[in-house]
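Chains A and B, in that order, are what the protein sequence lines are. Just so you know, we're using the numbering used here here: the first sequence kicks off at 1 and counts up by one. Just so you know, we're using the numbering used here here: the second sequence kicks off at 1001 and counts up by one.
Errors might be hidden in some of the hints.
Anything over 12 Å on all C-beta distances counts as not near chain B; from chain A, calculated [claimed, not checked]:
hint, residue
1, D34
2, A37
3, S41
4, V88
5, V105
6, I149
7, L166
8, I172
9, Q195
Derived pair list, reagent style DSBU-like, types lysine-lysine, alpha-carbon separation capped at 35 Å [as the list claims (entries may be wrong)]:
hint, chain 1, residue 1, chain 2, residue 2
10, B, K1030, B, K1122
11, A, K194, A, K101
12, B, K1030, A, K194
13, A, K192, B, K1122
These aren't lab readings, by the way, just hints derived from the structure by calculation. Quantities reported herein were computed from a predicted structural model and do not represent experimental measurements. A virtual CB, placed ideally from N, CA and C, is assigned to each residue, including glycine.
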Amino acid sequence: MEDLVCPLAVLPTAGGDGEGGGSGSECVSMAALDLRAELDSLLLQLLGDLEELEGKRAGWLSLAKARYAMGTKSVGPLQYASHMEPQVCLQASEAQEGLQKFKVVRSGVHAPEDVGPREGALRRRKGPTKTPVPQSSDAPRDPLNWFGILVPHSLRQAQASFRDGLQLAADIASLQNRIDWGRSQLQGLQEKLKQLEPGAA
Amino acid sequence: MAGRGKLIAVIGDEDTVTGFLLGGIGELNKNRHPNFLVVEKDTTINEIEDTFRSLGSVSGSVAEANPSQHDPPLWDEIDSWQFLNRDDIGIILINQYIAEMVRHALDAHQQSIPAVLEIPSKEHPYDAAKDSILRRARGMFTAEDLR
């Protein structure tokens, strides 16, 4: 959304006694026209955002079906780890004043199958035994491993679906913020328009 | 934490929370409060509301208070949940049927961060007519505004 410049910011100050009222009223009319054009543009942008948001939610609904793939009661809070590190975080950036945008960022995942000798399957045991050093212990553990080493394929699919859903969530949250931001901008412009054209209000 | 970015919090039923934790959003250790709440049939509305408004319990991520009585120690813990008051949470995901229980709290939330996202659950499909954001957007246009 391009920067919105309120035409009122460049309005010349009108004379107090009404002198030069002709040119003054022309300025006001032009400012009102510009303001209406800004309002129309913002309104169109908002309606487009709403439509896009509805479209994304329709895709979001399909994630609800993925939960059926998670199976029995063996997948639940009882299996949660006592220590969790987030693998997925958000980067929040401010595109414009008051307008926040989100982006999903994934950190490195440390899975058990990644641990092990980096050399080939056979190692020469000469000299001090080289103990395979696992990757950084700071790397978060894959939550899939809470439910066992060998997990059903459906659980992996569910994880992939929810990971996709997280990106979708970030996109929808960004859109919601933009809609809210646009709504407040629109209200502000409408108020200013009412001040410019009280007769039309 | 400062360089890591913001967290995604979730308030939902067991399947929803388990799914998103599987996706990798969970944070839980002895020093920090969890960023998730599993809402079960025994969870009271006050607990959900307190979690939404304020987040950060010391122990456990599952609230199963007996709805018929208030347990003082549990309330002390619940008081420390600070979702909205935490500055490290970017998005709060909440099942829409749970959002309906605390609609007034959601409607009162006007900040852009954390963003509140209502999501469907296994048993409750999403209804756009109930969504706080969409209702606010639809309500801002009147016939007079569009003249």
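Legend entry - Structure versus earlier hints - violations, ascending order: 4, 5, 7, 8, 12, 13
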